[in-house]
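Asker: Residue numbers (my numbering), protein chains in the order written: chain A, 1010 to 1253; chain B, 7 to 490.
Mixed in with the good hints, there may be bad ones.
As the list claims (entries may be wrong) - One side only, chain A facing chain B, incomplete, derived with CB under 8 Å:
(1) Lys1043
(2) Phe1133
(3) Gln1145
(4) Thr1165
(5) Thr1170
(6) Pro1172
(7) Arg1177
(8) Leu1181
(9) Val1199
(10) Ala1213
(11) Ser1221
(12) Val1234
(13) Val1246
Keep in mind the hints are simulated off the structure, nothing from the lab. All C-beta atoms in this analysis are idealised placements derived from N, C-alpha and C, irrespective of residue type, glycine included.
Chain by chain, the residues run as shown.
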Amino acid sequence: MVGKTAGQEKRRRNVTAPSKPLDIGETRALILRKISGVNKAPVSPGDLAAEYDSIPRDYLRAGVLTLAERLEMMEHRLREYDASVYRSTSHALPEEIAKVLAGRGKSRMAIPAGFPAAWLPEGFSFVEADGLSAPQLDRLDGLLSACTVAIAATGTLVLQTAPAQGARKLSLVPDYHLCVVEAAQVVETVPEAFAVLAPANRLATTFISGPSATADIEMTRIKGVHGPRFLDVIMIVAGSSSAS
Amino acid sequence: MSDLSSSNRHPDFPTAAKVLLEDSQLRKNVKHATDVISGKRASVTGELPDWQQLRESGSRIREHVLRHLDTYLVQFEEALTRAGGKVHWAADADEANRIAIGLVQAHSADEVLKIKSMTSEEIGLNRALAEVGIRAYETDLAELILQLGKEKPSHIVVPALHKNRQQVREIFRREMGLEDLGHRPEDLTAAARSYLRERFLRVPVAISGANFLIAETGGVCIVESEGNGRMCLTLPKVLIAIAGIEKVIPRFQDLEVLLQTLPRSATGERMNPYNSVWTGVHPGDGPQEFHVILLDNGRSGILHDDEARQTLKCIRCAACQNACPVYRQTGGHAYGSVYAGPIGAILTPQLRPLREEASLPYASSLCGACYEVCPVKIDIPEVLIHLRGKVVREEQSTLAGKLGIWNLGMQMAAAVLEDGGRLHAAQRLGRLAQKPFVAKSGFIERLPFLLSGWTKTRDLAPLPEESFREWWAKRPVRKNGGGM
Chain A
1010 MVGKTAGQEK RRRNVTAPSK PLDIGETRAL ILRKISGVNK APVSPGDLAA
1060 EYDSIPRDYL RAGVLTLAER LEMMEHRLRE YDASVYRSTS HALPEEIAKV
1110 LAGRGKSRMA IPAGFPAAWL PEGFSFVEAD GLSAPQLDRL DGLLSACTVA
1160 IAATGTLVLQ TAPAQGARKL SLVPDYHLCV VEAAQVVETV PEAFAVLAPA
1210 NRLATTFISG PSATADIEMT RIKGVHGPRF LDVIMIVAGS SSAS
Chain B
7 MSDLSSSNRH PDFPTAAKVL LEDSQLRKNV KHATDVISGK RASVTGELPD
57 WQQLRESGSR IREHVLRHLD TYLVQFEEAL TRAGGKVHWA ADADEANRIA
107 IGLVQAHSAD EVLKIKSMTS EEIGLNRALA EVGIRAYETD LAELILQLGK
157 EKPSHIVVPA LHKNRQQVRE IFRREMGLED LGHRPEDLTA AARSYLRERF
207 LRVPVAISGA NFLIAETGGV CIVESEGNGR MCLTLPKVLI AIAGIEKVIP
257 RFQDLEVLLQ TLPRSATGER MNPYNSVWTG VHPGDGPQEF HVILLDNGRS
307 GILHDDEARQ TLKCIRCAAC QNACPVYRQT GGHAYGSVYA GPIGAILTPQ
357 LRPLREEASL PYASSLCGAC YEVCPVKIDI PEVLIHLRGK VVREEQSTLA
407 GKLGIWNLGM QMAAAVLEDG GRLHAAQRLG RLAQKPFVAK SGFIERLPFL
457 LSGWTKTRDL APLPEESFRE WWAKRPVRKN GGGM
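Working from the sequences, and respecting the hints, build out all of it.
Answerer: Written out as structure tokens, the structure is:
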């Protein structure tokens, strides 16, 4: 902003030099003092863990579907979000990727570091994009990535900052996302997905369920506000897997 | 001014509601939106065979956290600090605003991006930023509509649900200078996309709220739909998250419950488009400076009230608003509070001086629909009654309250009702006194003076000629028969 008024400048100075400076340590101690003592006596770490473990968890953890049913549910739920879903074998994957990209009219695609070179078809330009700035990403046609796990019950793809998945902005800035999911990565329930994620639960993790959308105007779901407006998924259903 | 940070001189609920009920467009918009979400919610919660078990677990996780909030907050602070983030503590709205402003100014920024955050509405952050010359851009579509239209949110999840497409178009056309803007939601959404895109790529500081703080890992989780959140979480250099101290959960794995119950309750989706979880600073990915401001602002007081503590279990899904027969008629603005509907009726009077929000615990028919849909099983009617009791006791503590017409009337009623003789006398007196008011219909249609409020919207059945007790006393007593 240009042309700030004198009043604005004055107020700005007032705030940078407050009459009573904040003492963060003091506030912290004050708040902690106020919130302690909900339990009459201090609780030992062992008791705390025991109390946590006693929380009932009678919800469904393991799924009951066969692999084929699971894939069908995943596909169905993705389509409900308006994503397109294709199936391929590991062997035919480059060909399938080429077909899908050509169908969308995409030629310059971002890929994350570690994306299997064997999956890439000829005739397109693929740019390793982890180091690109957002405006540079904005000029590419889309992202081609893998994922960590996919949840059939909710039609969700989970991406982490990991090889073949990349930094978070990759699946955000370009207007199109093509995600490759191996059949073995598809679990049925949300708790099963969390079991997969547990060993790397400090990585930046993004749950993606369909293209970006809003229902803020009259509760009408509109695709594509700020994230990718188009999401395609290729499920590798047979043949030996070659990805991470 | 309806944020919780300042003196709240708004009309009480019945007064505000009366005005809003006259606005038929508003009622139509609110009814449409709440009908649609409630319907979707019912279908996606109904398809889960373990929905009640998920509610129970979610409730118990949140209860457990609130009992050990001090331990879990310190754990969160340690974990986030190890992960390269920085934790700040704010006792009230003013402190939180000052910390946020200080961080923005440390980067010489005069613009910030904002993710929709009820907490920042609660503390009046945008106004505080504007006062020091920092311009905040709301990036959530609904918040953008409200910011450009200079309005207040009326719903926790869909803050502009009281606006229809024509009204939104009018605001965008005027504020974005788009003469030819169409009126389909697609056109309006596209306008918001291009309005904000350039700002996402340029503005260096973003301010967010948080859905969950994970004590175990120091991670933060944000649940959203549009991708504006992800833009703010990944593109700027600096990210500041302001979160109430109650937002912490023990472990990453607890999300397997809450990320099932929150989306299905909030928007009626199996999963909302985007959930982000990140842990401090990730090298080469996202902001390289990350701050969390932990806000008390009255929450610690609620923690020590055994009956009201459950208020803080709330995960802000707004299912109670969509289900509430009162909210569905009045919309959110009648509550005069950032948090409207049933959860607002119990949260606001506890975050602010009860005296100033005394009408809110009464803004409910106690039907229990809110409790039934709550994904963490907050017994809102129970807390409403508890707070009504507090309102009365607070009124009775002043001389004016003690001598007030309500207290005298209630004391008198109590004295009459606890003694059979007095009740009998009162009934006889009432039968005489009611005579001039019983209409031809056989009902009392209009009562005088202070009692007129009761008959304004309903008729009253008159006292019968003979009460049950009188009939009982007069009945012929058979030998060895009858009662005592």
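Asker: Checking each numbered hint in turn, tell me which of them this model violates, lowest number first.
Answerer: 2, 3, 6 and 13
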